[in-house]
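Undergrad: In case you want the letters, here they are:
Number of protein chains: 6
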Amino acid sequence: MTSEALTVPVIRADGRTPDQLRPISITRGWSNQAEGSALIEFGNTRVLCTASLTQGVPRWLKGEGRGWVTAEYAMLPRATNTRSDRESVKGKVGGRTHEISRLIGRSLRSIIDTKALGEITIVLDCDVLQADGGTRTAAITGAYVALADAIRYARENKMLARNAQPLTDTIAAVSVGIIDGVPMLDLPYVEDVRAETDMNVVVTGSGKFVEVQGTAEGAPFDRDELNKLLDLALMGTEQLAAIQRETLAEAP
Amino acid sequence: MTSEALTVPVIRADGRTPDQLRPISITRGWSNQAEGSALIEFGNTRVLCTASLTQGVPRWLKGEGRGWVTAEYAMLPRATNTRSDRESVKGKVGGRTHEISRLIGRSLRSIIDTKALGEITIVLDCDVLQADGGTRTAAITGAYVALADAIRYARENKMLARNAQPLTDTIAAVSVGIIDGVPMLDLPYVEDVRAETDMNVVVTGSGKFVEVQGTAEGAPFDRDELNKLLDLALMGTEQLAAIQRETLAEAP
Amino acid sequence: MTSEALTVPVIRADGRTPDQLRPISITRGWSNQAEGSALIEFGNTRVLCTASLTQGVPRWLKGEGRGWVTAEYAMLPRATNTRSDRESVKGKVGGRTHEISRLIGRSLRSIIDTKALGEITIVLDCDVLQADGGTRTAAITGAYVALADAIRYARENKMLARNAQPLTDTIAAVSVGIIDGVPMLDLPYVEDVRAETDMNVVVTGSGKFVEVQGTAEGAPFDRDELNKLLDLALMGTEQLAAIQRETLAEAP
Amino acid sequence: MTSEALTVPVIRADGRTPDQLRPISITRGWSNQAEGSALIEFGNTRVLCTASLTQGVPRWLKGEGRGWVTAEYAMLPRATNTRSDRESVKGKVGGRTHEISRLIGRSLRSIIDTKALGEITIVLDCDVLQADGGTRTAAITGAYVALADAIRYARENKMLARNAQPLTDTIAAVSVGIIDGVPMLDLPYVEDVRAETDMNVVVTGSGKFVEVQGTAEGAPFDRDELNKLLDLALMGTEQLAAIQRETLAEAP
Amino acid sequence: MTSEALTVPVIRADGRTPDQLRPISITRGWSNQAEGSALIEFGNTRVLCTASLTQGVPRWLKGEGRGWVTAEYAMLPRATNTRSDRESVKGKVGGRTHEISRLIGRSLRSIIDTKALGEITIVLDCDVLQADGGTRTAAITGAYVALADAIRYARENKMLARNAQPLTDTIAAVSVGIIDGVPMLDLPYVEDVRAETDMNVVVTGSGKFVEVQGTAEGAPFDRDELNKLLDLALMGTEQLAAIQRETLAEAP
Amino acid sequence: MTSEALTVPVIRADGRTPDQLRPISITRGWSNQAEGSALIEFGNTRVLCTASLTQGVPRWLKGEGRGWVTAEYAMLPRATNTRSDRESVKGKVGGRTHEISRLIGRSLRSIIDTKALGEITIVLDCDVLQADGGTRTAAITGAYVALADAIRYARENKMLARNAQPLTDTIAAVSVGIIDGVPMLDLPYVEDVRAETDMNVVVTGSGKFVEVQGTAEGAPFDRDELNKLLDLALMGTEQLAAIQRETLAEAP
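Protein chains in written order, with the UniProt record's numbering: chain A, 1 to 252; chain B, 1 to 252; chain C, 1 to 252; chain D, 1 to 252; chain E, 1 to 252; chain F, 1 to 252.
Since the hints were made in silico from the structure, they are not lab data.
Do not take every clue at face value.
No copy labels: a pair is met if it fits in one copy or bridges any two.
[Claimed, not checked] Result set (DMTMM-like, lysine to aspartate or glutamate): computed pairs, CA atoms no more than 25 Å apart in a straight line: (1) K115 <-> D192; (2) K208 <-> D224; (3) K208 <-> D231; (4) K228 <-> E238.
Next up, chain A with everything else stripped away, as it sits in the complex:
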């Protein structure tokens, strides 16, 4: 992808080139309870996304004729290599959990026309069953599939106005980072902890940015590095968008 990378091809621990996604799998309709659901896998990262649809909206939105989409992210205690205490047992939701839940909610709302949705609430639950880096980007990508199916459900059950098109685009996300000076796409945990810069990028199906969150974990990064990371992210999200389209093209 970069000229350096081309002359001395970098091969990652899992055999990928720097610009390659991990194997992506989306099991649509994994749950028989939710109006929409998907078990998404980015390599060993597995996130169960469900979309719960209810009539009505939160109190602060009542009477405006608009819908609401929100998200909650969480991790099972042993999703990770060592067990973490449950947030329910600790009695509070941690900062990281809050931050990611808010990111997912904002991302999915960015492609929703709440007027077209009408007074419906959709809660997207993204529970990480197994974590190996990129859980928030997998969650966003999977939540889109669950959301799309919940909206299909609403349409089939006459909960949507005829011809209403609440989805204005598709949405997917991927992580990128710089490891040993090389920009790389879709970092698993072992790469994530070593990355000098770590960036999560949320992109619409039409290729525009919804979120760009870059953080220097080690040395600060310059404009050139930022640009290379954005190039990689756009390439990755384009592939994810294609997988989402294929998944949703089949009969549910």
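Dock chains B, C, D, E and F against chain A, hints included.
TA: For chains B, C, D, E and F alone, coordinates are given in the frame of chain A:
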């Protein structure tokens, strides 16, 4: 099973006879992170059980040369037909969750020789991914498989004394109940809500009781009904014990 | 009671035979604030039970014309031999407290015809002032007296429909257990901690089971032991029911 | 007591004169678990006070050779005319509870020589079983008796240095207030809610002030009113001190 | 002030005589967001007081045609010499914070005619930016200025009935204490920690008491000491009232 | 700044051009308690930043010879136009607070050489006294000044190794956004709520990125818009870095 049942065969909504278990499936080693794990299914009920093993014991047990086994049960918010708020968001663990976690912990400890285990702690996390009745009994039955594999892991990694046999028996659990006067085995949600009496029975592989928890949801029950329910439960747990044995007989 | 017990009579530390209750005392109307109240003593165990009656029902029950009975159990910090931290100070209700509160609530609801009660809520508070084993069974037995008086209060204050009979039966509870192989009735703390099997049984005045909760604390128990424990429990609850009747027979 | 009061004798709803205490009763040793205990009654107000004694002190006091005395106050949910939610269920201790717990702790510490006590902690739990005004003053007065017995226990069990005299005085408390312009002693609930000024006064056996907490509930009060209230409070606490002495004079 | 003090003039560490206030400064309208605000300084103690005014009252007061005034006090984590953990992070409000919030609320309500205020709620937030003793008395004194300006705002914005006079008086507070036997006015932190007796006195502009809270931190105090402290407090609050009047006399 | 902006000069509500910062003011040493402090103002936004320095590090970092820098952000309840409930009263820290605290901590750590710092902990408290947009960027910019002074304090008090240079660079932050299609620098609240895209950028004194957080609040943004926003942010942070240098150049 009962003479009445034989003369007028009762067929349940899902096609089973009163004394039949739902299809049982145990996917051993579902998680690549935990020392032991199992995804167990009792019909549509799906519980992910992981066993997390660490050196050392809680402070109150230090220096006694004994190990500790404990359990935490939880449900994903959309495991059920309507979404429940997360306990982490509510900031407290509910009574039902507490009660079931304690039941699972006691049940699994009943077949552990903590002296033989040595100063090791095993936490059993039972997370209900999809709920359709019998989640606590599925959790106990699946947690046994995860526990057995965690102990195998300890043995392979020299964390157990040579020849130590911390498992004294196997353990499985099943629900039974009386619906329209008929004692039935392994109730799915639709039966559970209609049951006059509901009982959860935890039984060792050698056929002895570890827990008997019977509750009259409607009319109180008499000695005869209690006995019929216990008969069914012993039959069901015997079958579950056989499935556990087969599962664990294969190479992990 | 058992053939062994008869040949070699077992005398317990407090001088009782295995099938004897501790001295039972019920002080009806201990509180001048509550609509019904009782200070109940099972030996040194002392539980203050109050019944608080209010018009109306919780939101989820509104408009169904049915009443609601619920219970909360708690222990004073120095009810026990060593002081425990207050749950209010810890900021959360513990699992044991939750579990017992739920058991008391279910037990008392089992003898209530909520239709006959009408849209009335009764909260049963069972506060353990001094603990010496059997606090949950004393609480259920005492709560019945408080409940009966609260219903009498409702009748006298025209809050009940004429001829309404919301109480369908009486209810009492006792603990039983196996100590050194001998089944025993109504365990004080010193016996409770040594019991191999511990069982709490809730029985109606007409001798039917509402709850059977047996737990193997040490070795699992077999069908024969279970039966002997149930025999003892039925004998004990019959005596408790008689004491309840006598207590309530007097003018309040 | 005041010249006005003498010319037009005021008789209170419960038959007392303005300068009269309610009937006071102290049941010493009510609990068989605590090292010291007292059930104290100021009329219908009933507070169970226990003193829990342990070796050692909180971390921040370690190594200074001094002891620690602290207090916790709470009310049973139905101590009052209408039921209050439990603070454990609400998940937090309310401001009033905090404030009274701190007052009791400070009051009892004022008569303790912590050096003479040595590295011992005494927790005073004051649980209001029935409330009819003056619960904090009853709690302080009863907690003194429990504390004195806990110290006697420490002495009998060789936990105190020989000749150590950790109690430097006795302590008692009473409420006073102005109702319809008349200063009155020891207000029950019906007077308390009508008082223009409400004052709680904590006084040592030697007649010195430890706490004076006067609050204008209605109109502000002037210097003359303040003085009349202090006169009444000193008279009341002198009588309470005498009752404490009598109670403790008997063999425990 | 006392005859002893006059013969041997005591000079305090900061150069004041025992009966002198610290330099007092009130910056009215410090905030451009609140309806009323004041940054008040008692020496190095700095408290930001804001008054937030909203239409309507809490549910329990609805329909009575009366207003509500309440207060919340808090300290920034590094207001003090060593950093304290945030109460938001600890997840609960401490006893001291609760107690002071309640004191401020009661004090300010004592000079409010809630009928004249009408159905308006005013929340007084008193945040200690820098603490050097006397934070609660500075908070009360500053909150009065913020409250007066919020009421002026209500009048200018036609939220008050014409001619309504909700403020019945002014209010100020000061601390007094006995240090080395000498009664002193307005204690900074270094004196506060050494005081044998510590008293906070809240006084109306017309010189009447609203709160008298005296606590023996060391030896109990007698009637004579109490009187000397009250003399000092009345002198101090008279001066504070004059400063409040001057501050509010200027155009806002 | 952009060719469009140059041809049709946009003047903002507060009179600024799109590429202009608000008036910036830094009052160094505002607190006499903290080791470092600054009251920073970006227009009407006012944030009090204190740096609290203590010997030692959190438990998880002990023995590594490295220091720790962390941050906590909070807002006074009436910092904003309408009052918010206190997080301490709600009993939990909200997602936005968590997220910003984490951002500030990461940003400041990016210019710290924790090895050079040694086993010292610095907590940066950023409390928003008045909010008018850009509070997180003001907090980062002010926290740098407080941090620099705390390190100067450590050096003067021999808490740092001789020649240790724990600060590797300076750090500042600014918000940028697109309003009505025009990229703008340093948004006050009125612009912030209207922005289609909102970005916070944290930049070192040497002009490299530490954090880039761009969010599409309305329409997604393209690469060109992103680049224009980054240009503005680099210009703004360069000016802030100059103000920081001037502030710190003076004697403290």
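Undergrad: I'd like to know which numbered hints this structure contradicts. Please list them from smallest to largest.
TA: Of the numbered hints given earlier, the structure breaks none, since each of them holds.
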